[in-house]
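Chemist: Given only the sequences and the hints, what does the whole structure look like? Please build it.
Chains as they are written, first to last, in this note's numbering: chain W, 1 to 251; chain X, 1 to 132; chain A, 1 to 116; chain C, 1 to 599.
No lab work stands behind these hints, which were simulated from the structure alone. Be aware that a few hints might be false.
Dumping the calculated SDA-like pairs for lysine to any residue here, alpha-carbon to alpha-carbon at most 25 Å [as the list claims (entries may be wrong)]:
{"#": "1", "chain 1": "W", "residue 1": "K80", "chain 2": "W", "residue 2": "T52"}
{"#": "2", "chain 1": "A", "residue 1": "K61", "chain 2": "A", "residue 2": "F41"}
{"#": "3", "chain 1": "X", "residue 1": "K23", "chain 2": "A", "residue 2": "L12"}
{"#": "4", "chain 1": "W", "residue 1": "K126", "chain 2": "C", "residue 2": "P29"}
{"#": "5", "chain 1": "X", "residue 1": "K3", "chain 2": "W", "residue 2": "E22"}
{"#": "6", "chain 1": "C", "residue 1": "K568", "chain 2": "C", "residue 2": "P29"}
Chain A is nowhere near these chain W residues, computed Cβ spacing over 12 Å in every case [as the list claims (entries may be wrong)]:
{"#": "7", "residue": "K29"}
{"#": "8", "residue": "Y44"}
{"#": "9", "residue": "Y86"}
{"#": "10", "residue": "D144"}
{"#": "11", "residue": "Q148"}
{"#": "12", "residue": "E203"}
Glycine included, each C-beta is placed from N, C-alpha and C at the ideal position.
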Amino acid sequence: MTDTEKVIEIQVLRYRPEQETEPVLQSFKVPFTDDMSVLQGLQYIKDYLDGTVSFRWSCRMAICGSCGMMIDGKPKLSCKTFLREYYPAGLRIEALAHMPIERDLIVDAGDFITKLESIKPYIIPKEPRTLEQGEYLQTPQQRDMYEQFSSCINCMLCYAACPQYGLDKTFTGPGVLALMHRYNADSRDGASAERMDLGYAHEGFWGCTAVGYCSVVCPKGVDPANAINQNKMNSAINYFTRFVTPKGGTK
Amino acid sequence: MSKRRPYVRSMDGWWKRDAYFVKYMAREVTAVFVAAYAVVLLVGLVRLAQGQAAYEGWLAALKSPLSLVFHLVLLATFVYHTWSWFNIMPKTMPIMFVGGKRVQPGMITGAGLAAAVVACLAVLLIVRGVAS
Amino acid sequence: MKRSNEPIFWSLFGAGGMLAALIGPALVLITGIAVPLGILFPADTMSYAHMLAFAQSWIGKILLLAVIALFMWHAAHRIAILLHDFGVHAVTVVKVVCYGLAFAGTVIAAWTLLGL
Amino acid sequence: MEVYKADVAIVGAGGGGLRAAIAVAEADPTLKIALISKVYPMRSHTVAAEGGAAGVTRPDDSLEYHFNDTVHGGDWLCEQDVVEYFVAHSHEEMVQMEHWGCPWSRKDDGHVNVRAFGGMKIERTWFAADKTGFHMLHTLFQTSIKYPSIKRFDEYFCSDLMVEDGRCQGVLAIQIATGEFTLIEAKAVIIATGGAGRVFRENTNGGIVTGDGMALAYRHGVPLRDMEFMQYHPTCMPGTGLLFTEACRGEGGFLLNKDGYRYLQDYGLGPAEPSPRNKAMELGPRDRLSQAFWHEKRKGRTVEGPHGAVVNLDLRHLGAAKLHERLPLICELAEEFLGVDPAHTPIPVLPAVHYTMGGILADGKTASSLPGLYSVGECSSVGIHGANRLGSNSLTELIVFGKVAGVEAAKFARSVSISNPAAIEKQAEAARTRALDVVTQSRGKERLAVLRTEMAQSMENGCGIYRLESDMQATCDKLRELRERYRNLKIDDHSKVYNTEWLLSIELGYLLEVAEAIVHSALNRKESRGSHQRLDGFEERDDVNYLKHSLAYYTGDGPPRIEYGDVKITKSTPGTRAYGAAGEEAEAAEREREGAGND
Ligand SMILES: Cc1cc2nc3c(=O)[nH]c(=O)nc-3n(C[C@H](O)[C@H](O)[C@H](O)COP(=O)(O)OP(=O)(O)OC[C@H]3O[C@@H](n4cnc5c(N)ncnc54)[C@H](O)[C@@H]3O)c2cc1C
Ligand code: SF4
Ligand code: F3S
Ligand code: FES
Chain W
1 MTDTEKVIEI QVLRYRPEQE TEPVLQSFKV PFTDDMSVLQ GLQYIKDYLD GTVSFRWSCR
61 MAICGSCGMM IDGKPKLSCK TFLREYYPAG LRIEALAHMP IERDLIVDAG DFITKLESIK
121 PYIIPKEPRT LEQGEYLQTP QQRDMYEQFS SCINCMLCYA ACPQYGLDKT FTGPGVLALM
181 HRYNADSRDG ASAERMDLGY AHEGFWGCTA VGYCSVVCPK GVDPANAINQ NKMNSAINYF
241 TRFVTPKGGT K
Chain X
1 MSKRRPYVRS MDGWWKRDAY FVKYMAREVT AVFVAAYAVV LLVGLVRLAQ GQAAYEGWLA
61 ALKSPLSLVF HLVLLATFVY HTWSWFNIMP KTMPIMFVGG KRVQPGMITG AGLAAAVVAC
121 LAVLLIVRGV AS
Chain A
1 MKRSNEPIFW SLFGAGGMLA ALIGPALVLI TGIAVPLGIL FPADTMSYAH MLAFAQSWIG
61 KILLLAVIAL FMWHAAHRIA ILLHDFGVHA VTVVKVVCYG LAFAGTVIAA WTLLGL
Chain C
1 MEVYKADVAI VGAGGGGLRA AIAVAEADPT LKIALISKVY PMRSHTVAAE GGAAGVTRPD
61 DSLEYHFNDT VHGGDWLCEQ DVVEYFVAHS HEEMVQMEHW GCPWSRKDDG HVNVRAFGGM
121 KIERTWFAAD KTGFHMLHTL FQTSIKYPSI KRFDEYFCSD LMVEDGRCQG VLAIQIATGE
181 FTLIEAKAVI IATGGAGRVF RENTNGGIVT GDGMALAYRH GVPLRDMEFM QYHPTCMPGT
241 GLLFTEACRG EGGFLLNKDG YRYLQDYGLG PAEPSPRNKA MELGPRDRLS QAFWHEKRKG
301 RTVEGPHGAV VNLDLRHLGA AKLHERLPLI CELAEEFLGV DPAHTPIPVL PAVHYTMGGI
361 LADGKTASSL PGLYSVGECS SVGIHGANRL GSNSLTELIV FGKVAGVEAA KFARSVSISN
421 PAAIEKQAEA ARTRALDVVT QSRGKERLAV LRTEMAQSME NGCGIYRLES DMQATCDKLR
481 ELRERYRNLK IDDHSKVYNT EWLLSIELGY LLEVAEAIVH SALNRKESRG SHQRLDGFEE
541 RDDVNYLKHS LAYYTGDGPP RIEYGDVKIT KSTPGTRAYG AAGEEAEAAE REREGAGND
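Modeler: Here's what the structure looks like:
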């Protein structure tokens with residue numbers, strides 16, 4: 001930390017329900033070095049300037065999904081966004097868009113969790129297997145069909161990016177639909193027909209208008225827009241053929 | 001008892017918040033021009049059914065400077081439509097492999113745009129061929 | 001959960017969008033710019049006689065109906081979403097109006113073509 | 001106060017807690033499970049584990065090899081009967097994870113692939129690219145959703161255990177969103193709160209890894225075992241301490257000093273060969289590698305970086321394609337945090353605190369000395385890590401012993417009932433006042449962050465890779481002082497909704513007490529073993545006096561009382577830990593000896 005100390009202005013959108021009726025910006029001056037993340041800037045504020053600033057964080061390595069925020073208006077993980085990118089102009093940090101603010105930079109994640117729970121995010125085996133029979137065989141290519149969609153860290157950046165979710169909270173939303181596709185596309189699973197009940201509904205794939213911003217902001221390359229929109233074709237085919245193909249036919 | 005009071009922010013004017021949203025809206029707005037063009041053609045068709053005089057009135061209207069400017073705008077929006085259509089195309093396709101290798105999104109967009117160029121040229125050539 | 005009827009409209013939207021993306025620019029160029037200006041194409045390309053013959057052929061009828069109707073359904077779907085995006089909350093009204101107009105356009109086009 | 005009546009309460013929803021919850025649910029679906037976590041389950045630090053999880057898989061591997069690697073690696077301070085159980089059940093638990101959907105990396109024929117890890121004789125580490133912990137945690141979390149009997153208390157912070165009639169009968173938790181308390185009555189309690197790496201300055205751990213469960217059990221008289229053994233991981237990011245997984249070396253990475261020389265060959269780990277050989281050079285055990293770094297630094301052969309001395313982790317010869325397939329997260333970390341592309345430039349690394357080998361005393365079935373209280377995962381000392389954990393054993397520990405904890409706690413819960421609800425509620429009221437006092441009674445001027453920083457620095461000085469009595473004593477004194485100053489905190493935040501400063505100050509209380517247990521256990525162990533290495537006249541292992549577990553007991557405001565417990569030896573008597581060529585010779589000699597004995 002030898003470089004001469006630079007100072008950056010960080011504006012934080014504060015909201016303390018016991019104090020404020022609506023969010024207000026508060027400005028802090030933070031000394032920083034080039035290897036400091038935005039999260040470290042916030043930690044500096046909390047440690048030395050104002051202990052009441054609240055935010056979530058844990059891993060510091062872009063894998064736990066806690067630290068999503070709007071940084072200069074874009075949804076980002078604060079632990080892998082660096083202060084140097086905003087110098088000398090300074091930056092503005094707000095809670096993730098489209099979700100209710102509980103306090104400061106903390107949003108209510110309850111809706112996301114409820115939706116995640118609703119899609120049966122677990123393997124319902126096509127052919128049950130005992131432990132003695134060992135693992136299911138799955139070729140690397142079969143694994144590739146879903147692996148990308150299983151990389152979701154539940155950071156909700158895509159929810160903050162998706163205007164359709166912002167406009168209509170009944171929409172299941174990008175991250176959770178990507179996880180639904182992750183299980184449907186897994187060669188071990190046999191329950192896509194069950195899950196697709198939701199997929200086929202207005203709250204499922206059809207709530208998406210292919211804005212595509214979800215995939216742009218996703219820090220893990222999940223591409224939820226693809227997970228959703230590739231299913232629209234399947235859903236349409238199923239819609240028109242469901243009376244001729246009596247059972248399933250969803251894959 | 002609980003002191004919780006979650007604050008819900010307004011969505012008003014959301015499309016102005018991010019350059020990405022502006023681009024998305026531009027893509028959606030092309031639909032208005034597609035509709036307009038369909039109406040122009042529909043009017044032409046109805047005129048055609050009403051007889052030669054009516055139809056030629058329509059043809060004459062197409063030649064007016066206002067109509068020409070309007071069609072130039074239409075052309076621009078149609079080109080933008082084509083570009084944006086194939087740009088989101090990769091999102092609408094399942095993951096594909098060719099020779100064990102994942103097909104990249106750029107390739108799908110490129111192929112789509114190439115197909116559009118070929119189709120447009122074909123239309124132009126066929127119309128010319130038939131007409132002369 | 002209730003199955004959405006979107007697939008019907010989405011399929012028409014998709015077909016229209018694809019058609020517009022593939023040949024839309026060429027059509028606009030021909031009917032709206034080149035022919036009116038009398039460039040690139042023979043002067044009588046869109047003459048009454050030519051177009052009448054075209055509209056009376058089966059292939060012509062199908063092509064004209066496809067372009068007009070699908071373009072309209074494509075546009076109707078997007079405009080309905082656009083209105084929703086701009087915060088018009090009367091979803092059903094918007095849909096009835098947009099899809100209603102596209103339906104009307106389709107009927108008129110088909111009726112006219114059949115009468116020729 | 002809100003009261004929830006559960007049969008089994010589980011504190012912690014990382015890999016260990018989730019596996020235990022599923023085990024309870026499967027053992028008896030009528031049991032009500034309360035799964036309490038201060039963060040949403042998928043934020044738990046299991047998510048950060050990169051490399052993989054061990055389980056004997058290949059035909060040329062054997063349970064005996066895994067046993068020996070574990071016990072030798074642990075410098076014979078392992079409970080050998082527990083290790084035997086562990087290695088025997090590892091593979092089936094890994095298969096269970098596969099059935100639940102974990103996206104293990106595969107071979108072309110569709111079978112699960114295994115990779116090499118440090119200190120291992122045969123490759124046996126199951127992996128999901130370099131996001132193994134992430135995939136295991138999400139698989140377990142998502143699978144847990146299937147069981148209706150699991151009631152989650154997400155973002156509830158556990159502040160105390162309820163002990164009545166000599167057994168543990170519940171926990172008190174703060175709902176972080178409201179600042180209100182919930183008493184969770186339970187017939188059995190499992191602690192699965194993870195490690196305590198945050199007592200040190202430079203570490204690979206997440207902000208939530210603050211030893212909470214250890215401190216809670218400790219305060220209620222359960223001893224913390226073998227706390228002096230803290231694992232340093234040799235390849236971490238300078239400045240942040242973030243981890244570059246051992247799999248970097250498993251895949252063939254080299255460690256180079258400032259002259260580009262593979263210095264490990266100077267420390268009994270050679271000979272240096274171009275491709276990785278198990279249990280040699282870069283694939284030696286973590287304690288040895290971290291110690292070698294320390295010596296290189298003393299010799300002035302490390303590179304000076306902006307955050308102090310580093311060596312280079314060279315992955316260039318693996319090629320971009322393999323790096324992106326096998327180590328994508330590593331590439332991402334190196335590029336984003338350091339601006340280094342590992343395909344073209346070596347990564348600067350240094351050792352940082354990584355894993356807490358010790359923990360809440362637990363028998364082979366995860367039961368503590370307090371009836372009704374169980375522990376699993378990094379917070380627990382079930383006895384398989386000894387003085388130094390073998391890489392990739394702890395993820396497996398989570399699922400093998402998570403299941404055991406669930407089954408045992410379920411059994412116990414069915415055999416008892418809540419004895420005196422009124423008394424428990426009274427206890428809870430008292431505990432609530434204590435927790436609130438941290439804020440309401442704070443009238444001093446000590447800043448939380450200052451105390452935390454001083455503690456972490458002092459722990460690094462006194463309990464680092466090499467230890468001296470004088471330094472350890474200084475750290476003991478410092479911690480006394482900090483515990484004193486802790487009473488005079490200045491808290492800015494007096495609100496209820498998401499008052500994170502309040503929780504941080506409760507956590508600091510936990511950290512300080514766990515830190516004391518660590519340094520006093522270290523000071524009292526007058527020998528060098530595994531990750532506990534002394535330079536003050538106790539450089540050798542002393543099996544006569546110290547083939548013993550240390551047990552730290554809470555004494556209230558005073559320093560912990562250190563006692564010793566026996567180590568269970570079943571089939572491996574203490575020998576020399578040798579790696580590289582020397583290791584192979586030693587092994588051959590042992591085989592001969594054993595062969596002779598059998599005749
Ligand atoms: C960077 C890194 C890489 C690693 N790589 C490997 C590897 O490759 N292979 C391997 O075998 N091991 C690895 N490890 C070790 C292994 O990942 C951990 O030991 C293990 O994941 C710990 O799991 P756990 O379930 O015990 O705890 P955690 O996953 O840490 O979970 C702790 C849980 O307890 C909860 N909790 C804590 N305190 C409280 C409280 N007061 N109130 C309520 N809830 C509380 C937390 O919310 C969390 O849910 C690695 C560790 C790190 C740090
Ligand atoms: S899809 Fe991407 S952006 Fe959305 S929650 Fe998952 S990781 Fe985050
Ligand atoms: S941004 Fe939203 S509208 Fe669809 S493509 Fe992504 S979910
Ligand atoms: S702190 Fe874990 S993702 Fe940023």
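Chemist: Does each hint fit the structure? Answer for all of them.
Modeler: Evaluation of the provided hints:
1. A hinted pair counts as satisfied when its Cα atoms are at most 25 Å apart, and W:K80 with W:T52 qualifies at roughly 23 Å.
2. Between A:K61 and A:F41 the CA atoms are separated by roughly 22 Å; this keeps the pair inside 25 Å, and the hint holds.
3. With a C-alpha separation of about 23 Å, the suggested pair X:K23 and A:L12 falls inside the 25 Å cut-off, and the hint holds.
4. A distance of roughly 24 Å separates the Cα atoms of W:K126 and C:P29; the hinted pair therefore holds under the 25 Å criterion.
5. Distance hint between X:K3 and W:E22 is fulfilled; the C-alpha atoms sit about 15 Å from each other, no more than 25 Å.
6. Between C:K568 and C:P29 the CA atoms are separated by roughly 35 Å; this puts the pair beyond 25 Å, and the hint is violated.
7. Look at W:K29: its CB is around 39 Å from the nearest CB on chain A, clear of 12 Å, so calling it non-interface holds up.
8. For W:Y44, the condition that its CB be more than 12 Å from all CB atoms of chain A holds, with the nearest at approximately 40 Å.
9. W:Y86, annotated as away from the interface, keeps every beta carbon of chain A farther than 12 Å; the closest lies near 30 Å.
10. Non-interface call for W:D144 relative to chain A: holds, since the shortest CB-CB distance, roughly 27 Å, exceeds 12 Å.
11. With a closest Cβ-Cβ approach of about 24 Å to chain A, W:Q148 is found to remain outside the 12 Å limit, as its non-interface label requires.
12. With a minimum CB-CB distance of about 6 Å to chain A, W:E203 fails to clear the 12 Å threshold, and the non-interface call is violated.
Violation of the numbered hints given earlier is confined to hints 6 and 12; the remaining hints are satisfied by the structure.
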